[in-house]
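Number of protein chains: 2
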Amino acid sequence: MQFELTTDYLDRLRAAIRAGNELYVNAQLKDLFPADIAEILNEVDLEEAKYIYTHLEEQTAAEVLVELEEDVRERFLASLTSKEIAEKFIDNLESDEAADVIAELPDAQQDEVLSHMENASQASDIVDLMNYDANTAGGLMQKELVKLNVSKSMLDCVKELRKHADHIQDVYAVYVVDDDDKLVGVVPLKKILTVSLRKKIAEVYNPESISVKTNMDVEEVAKIMEKYDLIFVPVVDSLGRLVGRITIDDVVDVIRKEETEDVQKMAGMEALQEPYMSATTWQVLKKRAGWLVVLFIGECFTATAMGFFENEIAKTVVLSLFVPLIISSGGNTGSQASTLIIRSLALGEVSVREWWKIFRREFKVGLVLGLLLGIVGFMRVAVWSSFIELPHWEVVAFTVGISLVGVVLWGNLVGSLFPLFLKRMGLDPAVSSAPFVATFVDVTGLLIYFSVASFALHGLFINFE
Amino acid sequence: MQFELTTDYLDRLRAAIRAGNELYVNAQLKDLFPADIAEILNEVDLEEAKYIYTHLEEQTAAEVLVELEEDVRERFLASLTSKEIAEKFIDNLESDEAADVIAELPDAQQDEVLSHMENASQASDIVDLMNYDANTAGGLMQKELVKLNVSKSMLDCVKELRKHADHIQDVYAVYVVDDDDKLVGVVPLKKILTVSLRKKIAEVYNPESISVKTNMDVEEVAKIMEKYDLIFVPVVDSLGRLVGRITIDDVVDVIRKEETEDVQKMAGMEALQEPYMSATTWQVLKKRAGWLVVLFIGECFTATAMGFFENEIAKTVVLSLFVPLIISSGGNTGSQASTLIIRSLALGEVSVREWWKIFRREFKVGLVLGLLLGIVGFMRVAVWSSFIELPHWEVVAFTVGISLVGVVLWGNLVGSLFPLFLKRMGLDPAVSSAPFVATFVDVTGLLIYFSVASFALHGLFINFE
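Chains G and X supply the protein sequences, listed in that same order. Okay, so the first sequence: first residue is 0 according to numbering that gives the first Met the number 0, each after it adds one. Okay, so the second sequence: first residue is 0 according to numbering that gives the first Met the number 0, each after it adds one.
Next comes chain G alone, as it looks inside the complex (with noise of 0.2 Å):
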């Protein structure tokens, strides 16, 4: 059965902490997984969180730290000793997790608690994890791993698994290293159960070629995992040496954020660095207002583009009725050009490479979409002229609808193109975001439309003068 938190349950349960009620208490916890307990802490006081601390085993308890919201848990640690926090957390977390608790408290505490830990070679690895950057493999990887040199037997092998079985969480593989403890290959648990134990690694291992190296960006690494449908995969440092290992879940972690990011810098801001109700009104704020009031400063030259035209606009006010429509639909076409390439490009389905090919399609759907906005628009203005008074609609509908092909067309090429351009300068292409793009195509499908309204009115049709 899968853990929901009620309202109920959490009332009932504070009741109980308030009542000291240990048994309900007890009870309670007692089939909770640690994702469930942390869902349970983020809610409560920190009064009630430590009174729930004393109650779970040291293993649960570390576990159950590691899952909590990031500002919870700094709370939570605030109010303990650096004493308290090593002993009764860090020693119990594995390498990786263990360096990512450490990095989040107060620069002068981490050494204090780094200090206090039991184990002086799990200690000696934290320090080591700390140094790499957290978007490499190096900050994603964990130490924790089972290894053995190739000219072992598969009884050594079976002897160091139950050496370390109980204190690595996730063992799936005995990696298979040289005597210059450089990676050579792996050999699955469910080899070791299938073969006789008196044969040599040497003959059983699959020689590995699928390693990453530690200075390998996180979102690389995701790739690779995704592209072989690897659980876990090595990590090793420029000689090759086995350093440690990354499991898909963290790697999971980092996909579901880099892509918060990306959906985020395509709306038109910062990404957020924490989940949103986390993050304070005045974080949001920062992240937001910065591209905001670029954008606006870009939208400002609307005015400046409008103003050229503003004796024809003084002439015929009716043309100033469709500028919001004309500029949204450049706009809404470019966002969807825009969104497409990013994506793609991020998903590594296209490449800049193929600017050529997607012009071409991109000119043939932008002419089409065109089209079909430029028709409905002409029929929009036409319909609307046998209910209002409108001299001469036959010119404003077939600058609308004109203008429409123009500007979405363009909207679309510039939608398309500029994520391109972006990356092939070596920026990111979420940048080159829905609003931006729109921005853009806003200024310039103003000079395409009110050009085609000067044409049309002074010379094509009619002189309104």
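For the record, the hints were derived by calculation from the structure and aren't laboratory data. It cannot be assumed that every hint is accurate.
Since the list gives no way to pick out one identical chain from another, each pair is judged satisfied if it fits inside one copy or across any two copies.
[Said to hold, decoys possible] Restricting the straight-line Cα-Cα distance to at most 35 Å, the calculated cross-link-like pairs of lysine-lysine (DSBU-like) are:
| id | residue 1 | residue 2 |
| --- | --- | --- |
| 1 | Lys356 | Lys285 |
| 2 | Lys198 | Lys226 |
| 3 | Lys363 | Lys49 |
| 4 | Lys49 | Lys226 |
| 5 | Lys422 | Lys29 |
| 6 | Lys158 | Lys199 |
| 7 | Lys199 | Lys151 |
| 8 | Lys286 | Lys363 |
| 9 | Lys29 | Lys49 |
| 10 | Lys356 | Lys29 |
| 11 | Lys198 | Lys29 |
| 12 | Lys198 | Lys151 |
| 13 | Lys158 | Lys190 |
| 14 | Lys82 | Lys190 |
| 15 | Lys256 | Lys82 |
| 16 | Lys199 | Lys29 |
| 17 | Lys212 | Lys286 |
| 18 | Lys158 | Lys212 |
| 19 | Lys226 | Lys87 |
| 20 | Lys286 | Lys422 |
Got chain G sorted already, so can you dock chain X onto it with the hints?
Structure of chain X alone, referenced to chain G:
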């Protein structure tokens, strides 16, 4: 070393194929993984692909087939007989992959392929899997797993594992069932290696409580596997009987697909079913045109809204120049807000219940952003008035500034609350995308702007008439 497909590499390989240079082709393919070979096959023509296929081992060939892009696979399979498809490929695939490949075939051919399969129980497994909705746990699971009755011993467990180890790719655990085939728990492989084989399973197994039901939505499965950091999860039917298992690499594909769909919906289009480059121009057009026309029709109301104020615009043309600036500011703010909330809903960071908390926060944020843009807008008009002749610039500046506060605040509230409203109504919040919010805010923002303008022009400061 990671494989990288260069045009150079491809050219040389194709030349070798044309020359019938078997030695070269075999040497190239020998060390590649199925996913790499699939990358090559995605780029070459059908005859070359067939040549490469004849030089692959059957097992590898089948795995390569699964990794191909959908349209490439379709074309390749269309060139084979049903018997070839069954014997060369389907017989060598795991049940979930086999079912996916068969589901892509023309209806008439599906039964034919199944009838040519050598292994009848495998065929029956596939038929079984094809009955499940592709978006449920049943549609994602595979039937291959190792299970044992709880009354057996650990020695039986090892025997069972050895029996299945060859034809099940990734075995990480043995599932424990009771006499009714109901799932009661799990024995991790690690445990099998570390406990005495004389023990009974009943003494050793974890009473595993996390499993998913066959009809559970795949996105829900993904969330559960993420929450509990699971690498694999057993699937049970509504009676609790073990029917399959899901591994996380399949879930990663689901996450990517789901996020792509969300992103595309958020850009105001229908989700594409295939990668951008594989989709035909016509498919892309169909997905984009519908919503674009809907948005266009919505945006037509901007002309209606501005029509109400035609007289004001005729008298004070300068007002119309700021229309794009005002409405785009509302739209951009609304885009940011709706994206933030849609994403937070998708990640489960906020829930509809918290709407009041969100309202209060976004009211504050919207007000600050509105004031910020209002001040910049006021200054824009003020500075501008020093360059050109602008009678009553302070009235215009006031109108622009105050309207911006109102429109930005309004856009922010609409953008943040509309996704919550859709979710509450049981609809997909991703549809309340930036373009929809922007269209709605455009129309209503114009009403705000011109109302403020009328008030300023006729009432507050001065009467232009």
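Structure-based check of each hint:
no. : hint              : verdict
1   : Lys356 <-> Lys285 : between (39 Å within a copy, 19 Å between copies)
2   : Lys198 <-> Lys226 : within (32 Å within a copy, 40 Å between copies)
3   : Lys363 <-> Lys49  : between (63 Å within a copy, 33 Å between copies)
4   : Lys49 <-> Lys226  : between (44 Å within a copy, 23 Å between copies)
5   : Lys422 <-> Lys29  : between (52 Å within a copy, 34 Å between copies)
6   : Lys158 <-> Lys199 : both (14 Å within a copy, 22 Å between copies)
7   : Lys199 <-> Lys151 : both (6 Å within a copy, 31 Å between copies)
8   : Lys286 <-> Lys363 : between (37 Å within a copy, 15 Å between copies)
9   : Lys29 <-> Lys49   : within (17 Å within a copy, 58 Å between copies)
10  : Lys356 <-> Lys29  : between (60 Å within a copy, 33 Å between copies)
11  : Lys198 <-> Lys29  : between (44 Å within a copy, 26 Å between copies)
12  : Lys198 <-> Lys151 : both (9 Å within a copy, 28 Å between copies)
13  : Lys158 <-> Lys190 : both (15 Å within a copy, 13 Å between copies)
14  : Lys82 <-> Lys190  : between (43 Å within a copy, 33 Å between copies)
15  : Lys256 <-> Lys82  : within (32 Å within a copy, 45 Å between copies)
16  : Lys199 <-> Lys29  : between (44 Å within a copy, 25 Å between copies)
17  : Lys212 <-> Lys286 : within (33 Å within a copy, 41 Å between copies)
18  : Lys158 <-> Lys212 : within (29 Å within a copy, 38 Å between copies)
19  : Lys226 <-> Lys87  : between (39 Å within a copy, 23 Å between copies)
20  : Lys286 <-> Lys422 : both (23 Å within a copy, 25 Å between copies)
Figure legend: structure checked against the earlier numbered hints; every hint is met.
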